[in-house]
Amino acid sequence: MSPSDPSTTLSDHSPISRRPTWLLLPPLAWLGAFFFVPLLLVLAISFATRGTYGGVEWTFSFANYVTMLDPLYLKIYLRSLALAVATTALCLLLGFPLAYYIARAPARWQGIWLLLVIIPFWTNFLVRTYAWMFILRTEGLMNTLLMGMGLIEHPIEILYSDTAVLIGLVYGYLPFMVLPLYAAVERLDRSVVEAAWDLYAPAWAVFRRVIWPLTKPGVIAGCILVFIPSLGAFITPDLLGGARTMMVGNLIQHEYLVARDWPFGSAISFVLMGLVLLGMLVYLKVERARQGDETVSWAGGDRQ
Amino acid sequence: MRDLAHIRLSTFYLLPLTFYLLISCQPTPDDGPKNTPKAGSSDASQTTTTLHYFTWSDYVGPELIAAFEKAAGVKVVVDTFSSNEELLAKLQSGAIGYDVVVPSDFMVSIMIKQGLLAELDLTKIPNVSMLAEQLRRLPFDPEHRYSVPYLWGTVGIGYDSAVIPTPPDSWAVLWEPRYKGKISMLNDQREVFGAALRVMGQSLNAKDPMLIEQAKAKLVSQKPLVKTYTSDNYDQLLASGEVVLAHGWGGPVARAMAVRPSIKYVIPKEGSTIWADCLVVLKTSRNKDLAMRFINYLLDREVAARTTNRLLFASSNREAKALVDEKVRANPAVYPPDSALNRLEWIADVGEAIRLYDRAWTELKMR
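Residue numbers (my numbering), protein chains in the order written: chain A, 13 to 316; chain B, 5 to 371.
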């Protein structure tokens, strides 16, 4: 209820302030057993070599990491990166106004809107992707409707293209953007925004200088939640892209299942994970440095 | 209001967890076969044995399974996979408890080499004597020590005769520019390269890097014409007219014919793939005798004929063909004409050359 945390007002020796460490145990055990150990396994396998019949031979080598520098594989990485960035940007563009609207709607409507955002999750992702194939195909719902309304004369060939992949990814991950954004906007103090209006800030400035900085944690959370899974997507490019090209996810799947080259597949997965982690660390560092600068300039009082 | 926000945030964090719970709720066979006592069993014995059958999705006739259960006084649990690779990955990652599994020919040879299969006792599978001639002495298991072919067929071209009036007889039709955007290819590297190698007049098991490179160039030139690479839904694409030429297995093409009668099937003159899904018993099976009995049952000519009628895949039992519906028997997508048999080739293990195929396939996809 109260914005201030009551525990901070108590002395450190108070039993109430003692943090219950055991609360950490279940998630730690879970992550240890189901995330960390498999991760180490993947790391170990990535330094092994493929046996003739697809097994793993435990001879230590960096060969898999060297292979990855091949332009062919770099191209797959870049392609996935481009698609993931585009997906994230589109999700943000679509998700922000939606989240803002929901968070500003009357309380009883908010629940309904949020429910509508989450409802697609009740159906299996594969099934929903197949539904998109029915919508997008030549004689599908979209073309039938558009032609019926006389808007187009010839069906739009959109299925089995990068556009279709992008549509599928944005559709699939939009809720992951909307939910954290909603939480951020919900917590945004309305009076601050009103103050900006009262001081005759133009609409853009209200957004740029007040709303955006205050909702940024939600934006970052949403972007991360959309970017990472879309980088590793493989069902969408296969079904909506017609398997005409590959994303990293398809390459990993191919190496693991078809080529049965687990070591190379592991190396690709690990580099992918490393790149994402590195990107996030760099981002955090830059962001922290920038915030430091801002504080300094504010304190200096030289702000226009 | 703040509290509400927290509640909503926490529901949001619960989402991924819910996902995983939902995913993990899928039945897994890792509890293995157990001799579970069953009350009221009509059988004289007090316990019911359970046989675990791991097969392709949509590859069983439930009434045939039920008939076996009744005859043998056992319970058969059917679990399905959708690709050979998935099957192997599951078995390699330690899934045990399956008794009878249905890998395709090339996967049988991999599973033999990996030591996953139990030797068959052919005295318990007398129906082996009824195997069709072309399914005996297969390169990967000539003595049927580990495997018996079950259903078999070919790879060819399904086409819409209403759009393509002169029946195509060559793989070259898949390179004809006028069918741009109306062609689907299997999403399977060996089959796609096989088609290119065959049109070049080569074996689809070529290991020569030059040949594989040439085949890749040929496929790159074809790619702009290809609407999609798919192994799953080309029957629907054919039936709906989205594609007029589909590189594919006979069974799905035969299914498309049922919806769109103008669909026809051809095995190109350059030759193509013959394949067989085989019945094998896993080394880890604890019901090997029952497993052999089940295999023999599936190979029985009556059972086999009913399976063929239902699935539109040819049975390995040569005597079953006479019992199959006239229309199904005459369908080249189900039973290839005898004249085509000598130009069919099995997909063989190409050893280390598989790396060349892997790479060429990735290159094709990235063009």
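Worth flagging that the hints you see were computed from the coordinates, not collected in a lab. Do not rely on the hints blindly, as some may be mistaken.
Stated by the list, open to error - Calculated lysine-lysine pairs in the DSSO-like style (CA-CA distance at most 27 Å, straight line): (1) A:K87 to B:K222; (2) B:K268 to B:K325; (3) B:K331 to B:K74; (4) B:K325 to A:K87; (5) B:K292 to B:K222; (6) B:K227 to B:K117.
What the hints assert, rightly or not - Which residues of chain B face chain A? A few of them, derived with a C-beta cut under 8 Å, are: (7) E89; (8) D164; (9) V167; (10) D342.
Beta carbons are placed, not taken as given, at the ideal position from N, Cα and C, and that holds for glycine.
- Any hints from earlier that this structure breaks? Give me their numbers in increasing order, please. Hints 3, 4, 5, 6, 8, 9, 10 are the ones this structure does not satisfy, whereas the remaining hints hold.
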